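Let's have the full structure, built from the sequences with the hints guiding it.
Chains as they are written, first to last, in our numbering: chain A, 1 to 163; chain B, 1 to 338.
Don't take every hint at face value.
Unchecked claim - Derived pair list, reagent style EDC-like, types lysine to aspartate or glutamate, alpha-carbon separation capped at 20 Å:
1) K336/B to D233/B
2) K39/B to D35/A
3) K130/A to E43/B
4) K335/B to D42/A
5) K48/A to E86/A
6) K335/B to E133/A
7) K26/B to E10/A
8) K57/B to D78/A
9) K220/B to D251/B
10) K47/B to E60/B
11) K39/B to E39/A
Hints were generated in silico from the structure; no laboratory data involved.
Only a predicted model underlies this, so the values are computations on that prediction, with no experimental measurement involved.
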Amino acid sequence: MTSASLTTPEAVSVSLTINGAHHALMLDPRTTLLDLLREHLDLTGTKKGCDQGQCGACTVLIDGRRANSCLTFAVMYDGAQITTIEGLAAKGALHPLQQAFIDHDAFQCGYCTPGQICSAAGLIAEGRAKTAEEIRELMSGNICRCGAYTNIVAAIEQVMGRS
Amino acid sequence: MINFHYARANDVADAVRQIAGDPNAKFVAGGTNLIDLMKMDVERPTKVIDITRLPLKQVENTPAGGLRIGALVRNTDLAYHPLVEQRYPVLASAIMAGASQQLRNMATTGGNLLQRTRCPYFYDTAAACNKREPASGCSAIDGHNRMHAILGGSDACIATHPSDMCVALAVLEAKVHVSGASGDRVIAFADFHRLPGDTPQRDTNLNAGEIIIAVELPPKGFATNYTYLKTRDRLSYAFALVSVAVGLELDGDIIKEGRFALGSVAHRPWRDPQAEAALRGQPANAATFARAADVLLRDAKGYAHNTFKIDLARRCIARALTQAARGTPQSQSSKKIV
Numbered sequence: 001m002t003s004a005s006l007t008t009p010e011a012v013s014v015s016l017t018i019n020g021a022h023h024a025l026m027l028d029p030r031t032t033l034l035d036l037l038r039e040h041l042d043l044t045g046t047k048k049g050c051d052q053g054q055c056g057a058c059t060v061l062i063d064g065r066r067a068n069s070c071l072t073f074a075v076m077y078d079g080a081q082i083t084t085i086e087g088l089a090a091k092g093a094l095h096p097l098q099q100a101f102i103d104h105d106a107f108q109c110g111y112c113t114p115g116q117i118c119s120a121a122g123l124i125a126e127g128r129a130k131t132a133e134e135i136r137e138l139m140s141g142n143i144c145r146c147g148a149y150t151n152i153v154a155a156i157e158q159v160m161g162r163s
Numbered sequence: 001m002i003n004f005h006y007a008r009a010n011d012v013a014d015a016v017r018q019i020a021g022d023p024n025a026k027f028v029a030g031g032t033n034l035i036d037l038m039k040m041d042v043e044r045p046t047k048v049i050d051i052t053r054l055p056l057k058q059v060e061n062t063p064a065g066g067l068r069i070g071a072l073v074r075n076t077d078l079a080y081h082p083l084v085e086q087r088y089p090v091l092a093s094a095i096m097a098g099a100s101q102q103l104r105n106m107a108t109t110g111g112n113l114l115q116r117t118r119c120p121y122f123y124d125t126a127a128a129c130n131k132r133e134p135a136s137g138c139s140a141i142d143g144h145n146r147m148h149a150i151l152g153g154s155d156a157c158i159a160t161h162p163s164d165m166c167v168a169l170a171v172l173e174a175k176v177h178v179s180g181a182s183g184d185r186v187i188a189f190a191d192f193h194r195l196p197g198d199t200p201q202r203d204t205n206l207n208a209g210e211i212i213i214a215v216e217l218p219p220k221g222f223a224t225n226y227t228y229l230k231t232r233d234r235l236s237y238a239f240a241l242v243s244v245a246v247g248l249e250l251d252g253d254i255i256k257e258g259r260f261a262l263g264s265v266a267h268r269p270w271r272d273p274q275a276e277a278a279l280r281g282q283p284a285n286a287a288t289f290a291r292a293a294d295v296l297l298r299d300a301k302g303y304a305h306n307t308f309k310i311d312l313a314r315r316c317i318a319r320a321l322t323q324a325a326r327g328t329p330q331s332q333s334s335k336k337i338v
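Encoded structure:
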């Protein structure tokens, strides 16, 4: 271990807009966006699954694009707009994807659901998926160990107006 | 993860200046591989230089009729770029075969070239690994080596390069533009990644302190007869067992030029001039494809758990060349292989 690793790193200033609220923060640069949300800002809707970019539970929207918040240093996203599951519902009304997941019973334990819904919001914004096959492929970054995939695809299709 | 000093670079010159002379400094852009490896204590930089603000995000036509891709162009943006979809569909297809949409939204062009192997012993700091800790030994050679190299390995390392995108870039004969303290230079794609030899800790021929600034594609894109075929343990979001990128130029049934590269079989995307010579001037049929596969695999070597990859590679090459010749490239949504 080098001497540099024994010292406390200098805090870095970062400014983020999270679910419409502005945050000016001083952070240890090792802080991931996921840990910032959960541990610093009490936004625990975003889940930590594998913490290695393999499960998708931590998916949030960064400037409108879905990303794995576990594989980011929050300080790299200075000035970015972050949307989490807590920010999808407008004025207390469920987001159409949230309603569709309820309608289609698109979860069992629910742990992957915030990531699934944020990922689906990103998918719809991308506008690339037209078929159930394409939805499945472009949602493959979100693992559901309860195996609710069939209903997740049905919920997304409902919001895309396919059913 | 050990502590590190975080710095932001404003332009290429600033980035080069900030990394100069510091062997423990790393650039970070997408972060999808580096941050993971830092969490695992495999990478231990004491300084991390954030290059995401560098003006390297353009995809532009070159005067030569090719395309210049900035090093910070995200994988999704590259795969969906109209000029890539139209002129270099093998590249678009290979990108979409890799990772997940979340990761492709983050990962950059330059970072894809520099990603490290996914050999589990490289990730396991309790295991011997010559790539992670030179001269410590290779746990894979006599270990769980199902995913490992069948070509170009050494007694020191049988890791594979995991990229899909790079397999297409090999077929397209891309050029890598880099910048460093001693100036700019261009590296041919075939010379960019290294074989492990007795220095498996070095994945590429990038010098210390150099930064990738762009990847240039020559005009020839094989937009009519191409494919990217990837076989893996599940239908999506898994590293390849074997993948094949193909670009063919046909004159009727005769192959004027045929290029093919394999992924996940070696320490770098694997092309073989002799195997491609076996295609040139020959009819595009099963016999030709089988012969070319045999030539490419003539020195293939299996280990305890991955000998199946040799026969899998032979079949994948024949199937991929058939797909390209027919003009029916592999779909990355429908996983049915036809």
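Status of the hints after comparison with the structure:
Proposed proximity of K336/B and D233/B is supported: the alpha carbons are some 14 Å apart, at most 20 Å. Of the supplied pair hints, the one linking K39/B and D35/A holds, its CA atoms being roughly 13 Å apart against a limit of 20 Å. For the suggested pair K130/A and E43/B, the alpha carbons sit about 40 Å apart, so the restraint of at most 20 Å is broken. Taking the CA atoms of K335/B and D42/A, the gap is about 41 Å. The hint is violated against a cut of 20 Å.
Simply put, K48/A and E86/A have alpha-carbon atoms about 15 Å apart, close enough for the 20 Å limit, and the pair holds. A distance of roughly 9 Å separates the Cα atoms of K335/B and E133/A; the hinted pair therefore holds under the 20 Å criterion. For the given pair, K26/B sits about 17 Å from E10/A by alpha-carbon distance, which is consistent with the 20 Å threshold. For the proposed pair K57/B and D78/A, the alpha carbon gap of about 18 Å is at most 20 Å, so the pair holds.
Our distance criterion of 20 Å between C-alpha atoms is met by K220/B and D251/B, whose separation comes to about 16 Å. With a CA separation close to 32 Å, the supplied pair K47/B and E60/B exceeds the 20 Å bound. Our distance criterion of 20 Å between C-alpha atoms is met by K39/B and E39/A, whose separation comes to about 17 Å.
Of the hints listed earlier, those the structure fails to meet are numbers 3, 4 and 10, in rising order.
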